[in-house]
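As you go down the protein sequences, you meet chains A and B in turn. Under the working numbering, think of the first position of the first sequence as 1, with each following residue one higher. Under the working numbering, think of the first position of the second sequence as 1001, with each following residue one higher.
If you are wondering where the hints come from, they were derived from the structure by calculation, not from laboratory data. The reader is advised that the hints may include incorrect statements.
As the list claims (entries may be wrong) - Examples of chain A residues lying across from chain B (beta carbon under 10 Å, computed): (1) Pro32; (2) Gly33; (3) Val34; (4) Gln156; (5) Ala158; (6) Ser162.
Where is the CB? At the ideal position from N, CA and C, for every residue including glycine.
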Amino acid sequence: MSDLPLDYDEAEYLGDSPGLRRVFDNVQAIVPGVMLPVVKMATWNAIEDFYQRSTWRRELLNWCMPPNVICVDFNPFDGDWLVCWVLDVYGLGNYMVKPLAQIYDVQQLPVHNSTRQGAALVALKPVSLDIDFPPDLFMNWFDTITDGALYRLYMQPAKPYSSPQLATVHARQFRVGCQKARAIAQKQYTNGPGRWSYPYFADGKRKS
Amino acid sequence: MLTTRPTLGRMVQDARAILNDTVPISGSVRYTDEDLIQAFNSAFIEIRSKRPDAFLGMGLREVLPQFVLPDDKDLPFPLDQYFYPLCVYYIAGKSELREDEMTQEGRAVVMMNKFVTGLMQVAS
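All chains should be modelled from the sequences, with the hints used to inform the complete structure.
So this is what it looks like as structure tokens:
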């Protein structure tokens, strides 16, 4: 017999996060015959997708390009988070963004001989399911994450729990949640009616 | 109440119970441990092809192990316990498929179907 890890141990798949445990409990209580490693996979996909679609976690990073340097890479943001989108760049008249998080100064050559500095608004995504997620994720977006995990499970073919109809319902709710999160993030994390202001393009800004 | 996880030895015993495998007078068995564990090895491969999600913990790109008795008798059942009764049905069903005067093909078909529907559907 081979030396494979044959001891099926669900506890190994449970992290310490009570928020994650709540998602796992909800999904396993709803979906018949689903196993925890599959729930964990679907939940991780949902969380990563949520952060990418909603740009919920945003940071303003200061950057500095020394003379003769034309590129800044913002990745990795830290050990737990990566930059997934560059939303806006301040301080460069002419720039190019190369995914995931590199900005290039494409101004005319003489400019490169000087130090340039500015800031960039970026959106972050987690690197894995094992990190400590900010509490607001499961406090405000618990239903959205659960919907994201459920639609991924119901969408799977040839499983006892396959259900295209339920997948459609939960997928729609997940996307609505992501759009709502994005709208709130764009309003500087205020979820009220907001004040009237000039449109973003009135002072020459790009849409984030 | 048993709180320990079922072992491969217990799984083979459960299959023997369905097969009513002990010959009354001699007390011998018709199916050897080797026959029954080979049936389980086949079930393992069937589960791998129909329900790959069951193998996420073990690794999806690993070569599947072949179990032998009595060496692996005390080994815990290697998958989620959801699959335990299905494997018992498969072992009994596959054993009933063998050509001899005691086998009943109808029972074999029922048990093999129960295995497949249990893997693929909620209503099984």
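Okay, the hints, checked on the actual structure:
1. Here the hint on proline 32 (chain A) is kept, as its CB sits about 5 Å from the closest CB of chain B, short of 10 Å.
2. The interface hint given for glycine 33 (chain A) holds, since its Cβ lies 6 Å from the closest Cβ of chain B, which is under the 10 Å cut-off.
3. Look at valine 34 (chain A): its Cβ gets to within about 8 Å of chain B, closer than 10 Å, so that hint holds up.
4. Checking glutamine 156 (chain A) against chain B: minimum C-beta separation of about 8 Å stays under 10 Å; hint holds.
5. Interface hint status for alanine 158 (chain A): upheld, as the beta-carbon distance to the closest one in chain B is roughly 6 Å, under 10 Å.
6. Annotation: interface hint on serine 162 (chain A) holds; nearest CB of chain B at approximately 9 Å, less than 10 Å.
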